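Given these sequences and hints, build the entire structure.
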Amino acid sequence: MDKSYLTYPKRGYGQDHEFYKWRLSTERKNIQWKDGTKVAVSLIIPLEFFPLNPSGVPFKHPGAMVTPYPDLRHFTVRDYGNRVGVFRILEALENADVKASFAVNGEVARRYPPLIDAIKNAGHEIIAHGLSTDHIHHEGLSASEEKALITETLSCFHSAPKGWLSPARNQSSRTLGLLRGAGLDYCLDWEMDQLPVAITTDVTLIPNSYELSDFTLLHTRRQTEESWLKQIQDAIELLVSEHTRFGGQMLGLTLTPYVIGQPFRIWALRALLAHVKDNPEVNTLTAGEINQQFVSQNANPS
Amino acid sequence: MKADPNLYDYWPYANRPKITWPGGKKLAFWIAPNIEFYEFMPPGNPQRSPWPNAVPNVQQYSQRDFGNRVGHLRLMELLDRHKLRGSVSLNVALCDHHPEIVEDCARRDWEFFSHGIYNTRYSYGLSPDQEQAVLDDSIRSVEAATGQRIRGYLAPALTHTEATLDLIAENDFWYSCDLFQDDQPQPLKTKTGKLVSMPYSLEVNDVITYSVMGMDPDRYADILKRHFDQLLLEGERSGTVMCIPLHAYLVSQPNRIKMFEQALAHITAHRDDVWFATGREIAKHFIDNYWDSSLDDIKARGVATGGTGFSHG
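Line order of the protein sequences matches chains A and B.
Residue numbering for the first sequence follows this note's numbering, starting at 4 and increasing by one per position.
Residue numbering for the second sequence follows this note's numbering, starting at 7 and increasing by one per position.
Honestly, the hints are just simulated from the structure, not real lab data.
All values reported here derive from a predicted model rather than from experimental measurement.
Heads up, a few of these hints could be off.
Pairs of lysine to aspartate or glutamate, DMTMM-like flavour, derived with a Cα cap of 20 Å [as the list claims (entries may be wrong)]:
(1) A:Lys-165 to A:Glu-149
(2) A:Lys-280 to A:Asp-100
(3) A:Lys-63 to B:Asp-302
(4) A:Lys-233 to B:Asp-228
(5) A:Lys-280 to A:Glu-292
(6) A:Lys-233 to A:Glu-214
(7) B:Lys-200 to B:Asp-142
(8) A:Lys-24 to A:Glu-214
(9) B:Lys-305 to A:Glu-21
(10) A:Lys-233 to B:Asp-224
(11) B:Lys-231 to A:Glu-229
(12) B:Lys-89 to B:Glu-287
(13) B:Lys-8 to B:Glu-168
(14) B:Lys-24 to A:Glu-94
(15) B:Lys-197 to B:Glu-137
(16) B:Lys-24 to B:Asp-235
(17) B:Lys-231 to B:Asp-278
(18) A:Lys-123 to A:Glu-292
This is the structure:
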């Protein structure tokens, strides 16, 4: 092994990168949500295009094609989410009078304008979600290649999104620096806290739970809808209880149209929305609203 | 290799023209027992091994043989009790290996469609002529065994070529079970013919629920009921389709069949609202009544891309 392997240039107090400073959760400045509720739930709905011929660079996106080309099976199961599943989610949101943040691949915006119209007309937020599931941001891209990827993604939208979710939530060490330059205000890839974190590049990192994502629990880990729902309810209950010590809390939750949008699963989303609406200590906010309230209170500068 | 198969146009589920099933029914229900033959010593395919570990795979082979020896009969008797006819997804070589089973289904006036020759022979790497030979064999074998002209196709082990759907349309098939993008039938963009994409569902398929997702029988029965209830609710706006694809080596196991029967009892208790049909009957009703209006509506949405499958306009 090369000598450098046993040298530790970043070994010292705090993080090993410059995006934000090390800070224990007890050291934050509290946030108070404007409506006085204790917990803000933010619903993130990814709308993804999975090409039939993924390059798999630098890795295959979760949910990418599995069997040899042409893998019509996985292509059409994913496509179900954009055609059918998302409309079940939209209906559930409308009935509960809840606004959500739709994280949209540029390719989806380009291909399916009626879907974008349906989301906008219902008053939801649209954030950018990279170009497609096969356009992963990673260290192997040059700064100009990655910048071009972001520019092309944003060009797919008629009004420029202010929020960003990376495909597979993967980044290069340059991504955060490039987002602000492209006019983006907040990013949902990182989840090192229960509150937003401001970083040196002036982008807000808004936490987004991997562990409570429907894709993780219902698809990857094959747990039941009952269990997913109960775990979210338990999480909300705990966050409510921490409000006394830590002020307003938040929970970012992913709803995947081809997972939760299945006919036999949609009841669980309806139940979740009813649970949130019935609880006076909890409300839903879009990622953009969370960012606005966070920035206006200047709660956790880096 | 194409990024997008272009087999159908984008068609948002909201505000589609209303489909009504015969008798004013809201949901068309069909049940598709897969009657399959997995070879003991299949040849290899360069793109995919016929069994997940080694050949022969005794445990997996014999479990599927249990389906043929014990399971299908158990399932047939269950469907009889609920006055349901199956639409058989058939590996057509089974007509030669186990003709007794095919006769039992034919006597019940069940429908047959092709699921390839064997589930251990994949479409990968077949030339259009070779794939045509599989279709010829399928049509001929089922006709010889039952007198039925098959109208549906589910590619063996869900393996395809770029030519598959054009070929089956050219051979006057009416529906494909290979695409899972929707809960309603819809037109496919084949070069000739009128080929319907028929909802067949992987999500409630017992291979997915039991073998892949590891569900227990109570949970399987629960999701079948919920799936049905939701699609029936939506069928009020525009007729939906629910299919339960089954494999007797899984669903007919002694520990599982009772809970499956409970789900079926729930579904068949809604006879006023549900059209109990076969795949062919649903495809025909769609083609005769909704083919043109569907295409018109898709076009009106302004995002039709033209062209045909794997060939962009």
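These are the hints, each one checked on the structure:
no. : hint                   : in the structure
1   : A:Lys-165 to A:Glu-149 : holds (18 Å)
2   : A:Lys-280 to A:Asp-100 : holds (9 Å)
3   : A:Lys-63 to B:Asp-302  : violated (37 Å)
4   : A:Lys-233 to B:Asp-228 : holds (17 Å)
5   : A:Lys-280 to A:Glu-292 : holds (18 Å)
6   : A:Lys-233 to A:Glu-214 : holds (13 Å)
7   : B:Lys-200 to B:Asp-142 : holds (19 Å)
8   : A:Lys-24 to A:Glu-214  : violated (24 Å)
9   : B:Lys-305 to A:Glu-21  : violated (52 Å)
10  : A:Lys-233 to B:Asp-224 : holds (19 Å)
11  : B:Lys-231 to A:Glu-229 : holds (15 Å)
12  : B:Lys-89 to B:Glu-287  : holds (16 Å)
13  : B:Lys-8 to B:Glu-168   : holds (9 Å)
14  : B:Lys-24 to A:Glu-94   : holds (18 Å)
15  : B:Lys-197 to B:Glu-137 : holds (16 Å)
16  : B:Lys-24 to B:Asp-235  : holds (19 Å)
17  : B:Lys-231 to B:Asp-278 : holds (17 Å)
18  : A:Lys-123 to A:Glu-292 : holds (16 Å)
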